[in-house]
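**Student:** Sequence:
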Amino acid sequence: MQYSEKVMDHFTNPRNVGELEDPSGTGTVGNAKCGDIMRVYLDIDENGIIQDAKFKTFGCGAAVATSSMATEMIKGKHISDALKLTNRSVMEALDGLPPIKVHCSVLAEEAVRAALWDYAEKKGIKIDGLEKPADDIHDGHHHDLQESD
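The working numbering puts the first residue of the sequence shown at 1, with every later residue one more than the last.
Each hint can be trusted.
No more than 27 Å apart at the CA atoms, straight line, and that leaves these computed lysine-lysine pairs for DSS-like:
{"hint": "1", "residue 1": "Lys-75", "residue 2": "Lys-56"}
{"hint": "2", "residue 1": "Lys-123", "residue 2": "Lys-84"}
{"hint": "3", "residue 1": "Lys-126", "residue 2": "Lys-77"}
Honestly, the hints are just simulated from the structure, not real lab data. Just so it is clear, the structure is predicted and the values come from calculations on it, not from any experiment.
Work out the full structure, taking the sequences as your base and the hints as a guide.
**Tutor:** Here it is in C-alpha coordinates:
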(Lines of atoms letter the chains of each structure in order from A and count residues from 1; the text may use other names and numbers.)
(Lines give C-alpha, C1' and ligand atoms only; values in the text may rest on other atoms or scores of the structure.)
Protein backbone atom coordinates (compact mmCIF):
# COMPACT_ATOMS: atom_id res chain seq x y z
CA MET A 1 0.00 0.00 0.00
CA GLN A 2 1.47 3.30 -1.11
CA TYR A 3 1.20 6.40 1.04
CA SER A 4 2.08 9.88 -0.19
CA GLU A 5 5.05 11.71 1.32
CA LYS A 6 2.63 14.09 3.01
CA VAL A 7 0.78 11.22 4.68
CA MET A 8 4.08 9.78 5.89
CA ASP A 9 5.19 13.20 7.13
CA HIS A 10 2.00 13.79 9.12
CA PHE A 11 2.17 10.24 10.47
CA THR A 12 5.80 10.42 11.59
CA ASN A 13 5.64 14.08 12.67
CA PRO A 14 2.00 14.69 13.52
CA ARG A 15 1.01 18.27 14.28
CA ASN A 16 -1.24 19.30 17.16
CA VAL A 17 -1.09 16.06 19.15
CA GLY A 18 -2.36 16.32 22.69
CA GLU A 19 -5.22 17.76 24.67
CA LEU A 20 -6.38 21.28 25.44
CA GLU A 21 -6.69 22.14 29.11
CA ASP A 22 -10.14 23.73 28.94
CA PRO A 23 -11.46 23.16 25.41
CA SER A 24 -14.36 25.13 23.96
CA GLY A 25 -15.47 21.91 22.32
CA THR A 26 -14.42 18.26 22.24
CA GLY A 27 -15.49 15.69 19.70
CA THR A 28 -14.86 11.98 19.83
CA VAL A 29 -15.77 9.66 16.99
CA GLY A 30 -14.91 6.09 16.29
CA ASN A 31 -15.22 3.45 13.67
CA ALA A 32 -16.01 0.23 15.51
CA LYS A 33 -15.22 -1.86 12.44
CA CYS A 34 -11.57 -0.85 12.14
CA GLY A 35 -11.06 0.29 15.73
CA ASP A 36 -9.95 3.84 14.93
CA ILE A 37 -10.89 6.44 17.51
CA MET A 38 -10.32 10.17 17.13
CA ARG A 39 -10.76 12.91 19.66
CA VAL A 40 -10.49 16.56 18.62
CA TYR A 41 -10.21 19.48 21.04
CA LEU A 42 -10.97 23.04 19.93
CA ASP A 43 -10.23 26.40 21.52
CA ILE A 44 -12.66 28.90 20.00
CA ASP A 45 -12.59 32.59 20.87
CA GLU A 46 -15.56 34.96 21.27
CA ASN A 47 -15.42 35.84 17.57
CA GLY A 48 -15.83 32.22 16.54
CA ILE A 49 -12.20 31.84 15.49
CA ILE A 50 -10.50 28.51 16.21
CA GLN A 51 -7.41 29.63 18.10
CA ASP A 52 -6.10 26.13 18.66
CA ALA A 53 -6.93 22.55 17.76
CA LYS A 54 -5.44 19.38 19.21
CA PHE A 55 -6.17 15.73 18.68
CA LYS A 56 -5.61 12.31 20.11
CA THR A 57 -6.03 9.42 17.72
CA PHE A 58 -5.93 5.73 18.35
CA GLY A 59 -5.62 4.09 14.98
CA CYS A 60 -3.54 3.43 11.92
CA GLY A 61 -1.04 5.78 10.31
CA ALA A 62 -3.65 7.19 7.96
CA ALA A 63 -5.93 8.01 10.90
CA VAL A 64 -3.12 9.90 12.62
CA ALA A 65 -2.18 11.70 9.39
CA THR A 66 -5.75 12.79 8.62
CA SER A 67 -6.26 14.05 12.20
CA SER A 68 -3.01 15.99 11.99
CA MET A 69 -3.89 17.55 8.63
CA ALA A 70 -7.50 18.33 9.61
CA THR A 71 -6.43 20.20 12.75
CA GLU A 72 -3.83 22.14 10.73
CA MET A 73 -6.47 23.10 8.18
CA ILE A 74 -8.92 24.59 10.70
CA LYS A 75 -6.54 26.45 13.03
CA GLY A 76 -7.00 30.20 12.73
CA LYS A 77 -10.22 29.73 10.77
CA HIS A 78 -13.74 30.86 11.59
CA ILE A 79 -16.25 28.17 12.62
CA SER A 80 -18.10 28.64 9.32
CA ASP A 81 -14.88 27.87 7.42
CA ALA A 82 -14.11 24.88 9.62
CA LEU A 83 -17.54 23.50 8.73
CA LYS A 84 -16.46 23.45 5.09
CA LEU A 85 -13.73 20.95 5.93
CA THR A 86 -14.53 17.72 4.12
CA ASN A 87 -12.87 14.35 4.02
CA ARG A 88 -12.11 15.13 0.36
CA SER A 89 -10.30 18.38 1.22
CA VAL A 90 -8.28 16.55 3.90
CA MET A 91 -7.35 13.82 1.41
CA GLU A 92 -6.37 16.36 -1.24
CA ALA A 93 -4.19 18.20 1.28
CA LEU A 94 -2.43 14.90 1.97
CA ASP A 95 -2.03 14.16 -1.77
CA GLY A 96 -4.50 11.31 -1.58
CA LEU A 97 -5.11 8.16 0.44
CA PRO A 98 -5.34 4.52 -0.58
CA PRO A 99 -9.01 3.57 -1.14
CA ILE A 100 -9.26 1.39 1.97
CA LYS A 101 -8.06 4.35 4.06
CA VAL A 102 -10.63 6.87 2.84
CA HIS A 103 -12.70 6.22 5.97
CA CYS A 104 -9.90 7.76 8.05
CA SER A 105 -10.49 11.11 6.38
CA VAL A 106 -14.23 10.73 7.02
CA LEU A 107 -13.43 10.25 10.71
CA ALA A 108 -11.32 13.40 10.74
CA GLU A 109 -14.15 15.45 9.22
CA GLU A 110 -16.66 13.99 11.68
CA ALA A 111 -14.40 14.52 14.71
CA VAL A 112 -14.10 18.21 13.86
CA ARG A 113 -17.87 18.45 13.43
CA ALA A 114 -18.45 16.63 16.71
CA ALA A 115 -16.18 19.12 18.50
CA LEU A 116 -18.05 22.04 16.91
CA TRP A 117 -21.34 20.44 17.97
CA ASP A 118 -20.06 20.15 21.55
CA TYR A 119 -19.03 23.82 21.46
CA ALA A 120 -22.47 24.86 20.17
CA GLU A 121 -24.17 22.79 22.89
CA LYS A 122 -22.04 24.34 25.63
CA LYS A 123 -22.71 27.84 24.31
CA GLY A 124 -26.38 27.17 23.69
CA ILE A 125 -26.07 28.28 20.08
CA LYS A 126 -27.00 26.79 16.75
CA ILE A 127 -24.40 26.62 14.01
CA ASP A 128 -25.94 26.70 10.55
CA GLY A 129 -25.23 23.57 8.57
CA LEU A 130 -24.12 21.54 11.59
CA GLU A 131 -25.96 18.37 12.47
CA LYS A 132 -25.68 16.13 15.48
CA PRO A 133 -22.78 13.76 14.86
CA ALA A 134 -23.12 10.00 14.85
CA ASP A 135 -21.12 8.04 17.41
CA ASP A 136 -19.95 5.31 15.08
CA ILE A 137 -18.75 6.55 11.74
CA HIS A 138 -18.71 4.24 8.78
CA ASP A 139 -19.01 4.90 5.14
CA GLY A 140 -20.90 1.96 3.81
CA HIS A 141 -19.05 0.65 0.82
CA HIS A 142 -15.56 -0.10 2.11
CA HIS A 143 -16.68 -2.29 4.98
CA ASP A 144 -16.91 -5.38 2.88
CA LEU A 145 -13.18 -5.07 2.24
CA GLN A 146 -10.66 -6.66 4.52
CA GLU A 147 -8.69 -4.08 6.47
CA SER A 148 -5.01 -4.78 6.24
CA ASP A 149 -3.31 -3.04 9.09
